[in-house]
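Those protein sequence lines, which keep their order, are chains Z and G. Basically this note's numbering = 1-based index in the first sequence + 274. Basically this note's numbering = 1-based index in the second sequence + 72.
Derived from the structure by calculation, the hints contain no laboratory data.
Here are the simulated distance ranges between beta carbons:
{"#": "1", "chain 1": "G", "residue 1": "GLY180", "chain 2": "Z", "residue 2": "ARG462", "range": "20 to 30 Å"}
{"#": "2", "chain 1": "Z", "residue 1": "ASP301", "chain 2": "G", "residue 2": "GLY149", "range": "23 to 33 Å"}
{"#": "3", "chain 1": "G", "residue 1": "GLY77", "chain 2": "Z", "residue 2": "PRO332", "range": "13 to 23 Å"}
{"#": "4", "chain 1": "Z", "residue 1": "GLY341", "chain 2": "G", "residue 2": "HIS80", "range": "45 to 55 Å"}
{"#": "5", "chain 1": "Z", "residue 1": "ASP520", "chain 2": "G", "residue 2": "HIS80", "range": "52 to 62 Å"}
{"#": "6", "chain 1": "Z", "residue 1": "PRO332", "chain 2": "G", "residue 2": "GLU173", "range": "40 to 50 Å"}
{"#": "7", "chain 1": "G", "residue 1": "ARG215", "chain 2": "Z", "residue 2": "ASN519", "range": "38 to 48 Å"}
{"#": "8", "chain 1": "G", "residue 1": "ARG215", "chain 2": "Z", "residue 2": "LEU430", "range": "25 to 35 Å"}
{"#": "9", "chain 1": "G", "residue 1": "ILE87", "chain 2": "Z", "residue 2": "THR338", "range": "30 to 40 Å"}
{"#": "10", "chain 1": "Z", "residue 1": "HIS537", "chain 2": "G", "residue 2": "GLY112", "range": "49 to 59 Å"}
{"#": "11", "chain 1": "G", "residue 1": "GLN178", "chain 2": "Z", "residue 2": "GLU500", "range": "46 to 56 Å"}
{"#": "12", "chain 1": "G", "residue 1": "GLY112", "chain 2": "Z", "residue 2": "PRO359", "range": "42 to 52 Å"}
So the derived list for chain Z, only partly shown, Cβ under 8 Å to chain G, looks like this:
{"#": "13", "residue": "LYS276"}
{"#": "14", "residue": "GLN279"}
{"#": "15", "residue": "ALA281"}
{"#": "16", "residue": "TYR282"}
{"#": "17", "residue": "ALA283"}
{"#": "18", "residue": "GLY308"}
{"#": "19", "residue": "ALA313"}
{"#": "20", "residue": "GLY316"}
{"#": "21", "residue": "PRO378"}
{"#": "22", "residue": "ARG383"}
We put the beta carbon where it would ideally sit given N, CA and C, even for glycine.
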Amino acid sequence: MKPAQFAYARAKDLPHALALWAEAGEDAQILAGGQSLIAGLGLRLADTPALIDINHVPDLAGVTESGDRIRIGAMTRHAELARNPLVAEHAPAIAEAAPLIAHPAIQARGTIGGSLAYADPAAEFPACVVALDAELVVQGQGGERRIPAADFFLGLYETALEPFELLTAIEIPKAGRRRQTVQELVRRHGDYAIVGIVLAADVQGDTLGAAKVVYFGVGDAPVVAEGAARALEQGDVSAALKALNDDLDPPGDLTGGPETKRHLARVILQRAINALRAQ
Amino acid sequence: MSENGFAHEVDVTVIVNGERVSRRVDARRHLVDFLRLDVGLTGTHTGCEHGVCGACTVQVNGDVVRGCLMLAAQADGAEVWTVEGLSDNGSLDALQKAFVERNALQCGFCTPGMLITAADLLARDAKPSREEIREHISGNYCRCTGYEAIVDAVEMAAGTRAGATQAGGGSQ
Ligand SMILES: Cc1cc2nc3c(=O)[nH]c(=O)nc-3n(C[C@H](O)[C@H](O)[C@H](O)COP(=O)(O)OP(=O)(O)OC[C@H]3O[C@@H](n4cnc5c(N)ncnc54)[C@H](O)[C@@H]3O)c2cc1C
Ligand code: FES
Ligand code: FES
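Same shape as in the complex, but just chain Z (with noise of 0.2 Å):
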C-alpha cells in the first residue's frame, strides 16, 4: 500500500536535523532506515505530517572506543554492528543479535537507534542493551540527556524519549571477562522471536556471576528475570528454571499461548547457560 502524503527534509547535521523537527512539529518523525516506519506508513498504521531524514547527518554512524566503554552511533545499520570488530570484542552479544534481525536487506538499512526507538516488544536490541548495562545518549533542544537503558523502555512500543528528542548514540560497557548471549526461538531465520534471551555474566566454575536474564517476545518491553538471575549467581540451574514462573508473565500471541511461552522461556535459558559456559 502507498503511505499518504508527507513532507521531506533531508537533515545536514545535527542542529538542523532539530530545528526541521521543532518546525514540522512533534507529529513529524525521524526517518533512520525506515525498515519499520516507511513500512508503517505503508500500511497507513503510522501517520506523519513530515519526514526528517538523518541518513546524511555526519557522526551519527560508527562504533569507537574511550576508556572502559564502546560508544555505537544511533545510525549504525544492523550489517555493520554484524561485522564490526569493536562490537565483536566489547558487546559480542550486539553482534550475535544483528545477523537474527530480518533479512540481510533489511540490515543493510536498518539501525539500531531505530530499532531502540521504536522498541518493538520482540526485537533483539532493546533486550540486548538492558542486558548490557547500556546508557541511551539522546539529544533534545535543550542539549543532551543521558537515559539509563533500564528505564528506556516503558511499554508497548513506548519509550522515555521525550518529545523532539534524537536517540545519537548508545553507550555500552566493555564486556571485560563477562561472557554474553543471545538466544532465540523463530519458525523461520529473519523473523520476529517467540521468546529470545540475552544472558550476560562473569562466569566462575558454576555460577554466573552478576547474571542478568533479559527476555524479549514475553511482554511489552524487554523483562528483565530477577529471580533466576538471582538462582544463576547460586549456580541453581533448576531453580533459575523454576525462578522464571514468577518472573515471567506472557500473554499469548500470534506465535503462542502464556504456558507455549513459558516452556520455550525455560528451553533458551537452559540453551543460554550451555552456551555461555561453552565460550
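Fit chain G with the ligands to the supplied structure of chain Z, relying on the hints for placement.
Structure of chain G with the ligands alone, referenced to chain Z:
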C-alpha cells in the same frame, strides 16, 4: 532537491543502471515505484509493499535493499542497479543460466528479487552451503517453486563459479 527545507515534491537525480535519471517525485514515492512507474523499469516487482516478500529487491550504493522500504527522495545522488542493468552487464549470467536449467522459476514473479539476493550471497561467499543459501533467501518469498529448485540453482551457480576459477577463470 530542495536543499534545506521540507517539500512534498522532491527533485531527484539517481544513477540507474549506470545512467543518470532526473525526475520530480512525490516525497512519499517508494524507490520501487520510482523505478517501475517513473523510469519504466518493470523488472523490479512489488508484492507486499511492507518489506516482507523481497520482490522489490534492488541494489543501492552496493547494498541489497528493499525498494518498498526506501523513498525515491532518499535515493537522490545514489547509484541504483536493477535486474535489467545487472542482466545487461552480465553480473547475473551464471545465476540466470542455473535458474533456467534447474527450473527455479514458474511464474517468475519472485525471480528478479531472488537473483539479486542470490548474487549478493555469492559475492560474499563463493561456495555457500544449502543451509546458508536458505538462510540468505529467507526474506524472499516464492509462491510457486517450493524453494528446493531455487536452492539447487544457486548451488549450481556457485559451483559454476568455483569450477570456473579452478579451470583458470574461463567461462563456458
Ligand atoms: C520484514 C521485516 C522483518 C523484521 N524483523 C525484525 C526482527 O526480527 N527483529 C528486529 O529487531 N527488527 C526487525 N525488523 C525491524 C528492523 O530491525 C528495523 O530496522 C528497526 O525496527 C527500525 O530501525 P530503522 O532504523 O529502520 O528505523 P525507522 O524505521 O527509520 O524508524 C522507526 C521509528 O523510530 C524513530 N527513530 C528512528 N531513529 C531514531 C532516532 N535516532 N531518534 C529518535 N527516533 C528515532 C522513527 O521516527 C520511527 O518512529 C524487521 C523489519 C522488517 C521489514
Ligand atoms: S514489495 Fe518490498 S518486500 Fe514485498
Ligand atoms: S516463481 Fe512464482 S513466485 Fe516464485
